[in-house]
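Going by the UniProt record's numbering, the residue at position 147 of the sequence shown is 147; the numbering climbs one at a time, nothing skipped.
Read the hints as simulated data drawn from the structure, not as lab findings.
It is possible that part of the hints are untrue.
Under the rule of at most 16 Å between Cα atoms (straight-line distance), these lysine to aspartate or glutamate pairs were calculated in the EDC-like manner [claimed, not checked]:
no., residue 1, residue 2
1, Lys33, Asp43
2, Lys70, Asp87
3, Lys154, Asp103
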Amino acid sequence: MERLQKILANAGVASRRKCEELIAAGKVTVNDKVVSELGAKADPASDVIAVNGKPIKQEKKLYILFNKPKGVITSATDPKGRTVVTDFMREVKERVYPVGRLDYDTEGLLLLTNDGDLAHILTHPKHHVPKTYLATVERVPHGSKLEKLQKGVKLDDGMTAPAEAEYHDIDPEGKYATISITIREGRNRQVRRMFEAIGHPVTRLKRVSFGGIALGSLQRGKHRSLTAEEIQKLRDAADGASREETNISE
Numbered sequence: 001m002e003r004l005q006k007i008l009a010n011a012g013v014a015s016r017r018k019c020e021e022l023i024a025a026g027k028v029t030v031n032d033k034v035v036s037e038l039g040a041k042a043d044p045a046s047d048v049i050a051v052n053g054k055p056i057k058q059e060k061k062l063y064i065l066f067n068k069p070k071g072v073i074t075s076a077t078d079p080k081g082r083t084v085v086t087d088f089m090r091e092v093k094e095r096v097y098p099v100g101r102l103d104y105d106t107e108g109l110l111l112l113t114n115d116g117d118l119a120h121i122l123t124h125p126k127h128h129v130p131k132t133y134l135a136t137v138e139r140v141p142h143g144s145k146l147e148k149l150q151k152g153v154k155l156d157d158g159m160t161a162p163a164e165a166e167y168h169d170i171d172p173e174g175k176y177a178t179i180s181i182t183i184r185e186g187r188n189r190q191v192r193r194m195f196e197a198i199g200h201p202v203t204r205l206k207r208v209s210f211g212g213i214a215l216g217s218l219q220r221g222k223h224r225s226l227t228a229e230e231i232q233k234l235r236d237a238a239d240g241a242s243r244e245e246t247n248i249s250e
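Please take these sequences and the hints and turn them into a complete structure.
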């Protein structure tokens, strides 16, 4: 027996949070009976589970790495008709959903999957999965400012956790610098706000790694399936981060 929202998410119905909303709204039935309690459990192998009267089916698990272009919304749909990441997945038969999000103005590595369990692990606040970005900023921040990022900077929603930050490229004329920065949090527009806090606004932001999975040479707007080794690496990254947090708190 498994929790109903987990079964729905694993079947690719929606993210786990959205599935909880569907259950609470009374849109899910188990063996023709409406179930609206979030703690309810069912057996996907023997129970008939339906959403809005349509039985769900267990879909093949897909794990996709996508190089998101700037100006694309990290969502499966958009009420305003703007371009979303799933517009680039037309040939993918199963429904997939973004793991976390990249801002409209941010480009680079985005994972999509219909594996609700893995998506939940990778995005849950307690699993500090590392994410690496290349941030091109105005002017060249001195080493002391990078040290501030490494120790944590104060934002309007509190101090950030320590980040890894180092120079990636420096303009000889000092007009800009590209900094490689790795964070283990997922606050709204966090990297941009961190650089604003040290006085160097971001002009371009690209995510190049997530949980040890690198974007590599994948072209902008293209996607590929993750290998079995990469999927395991993501699971290991989440498990490792969880163990590290436990050790720190003890």
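- prompt: Of the numbered hints stated previously, which ones are contradicted by the structure, given in increasing order?
  reply: Number 3 only.
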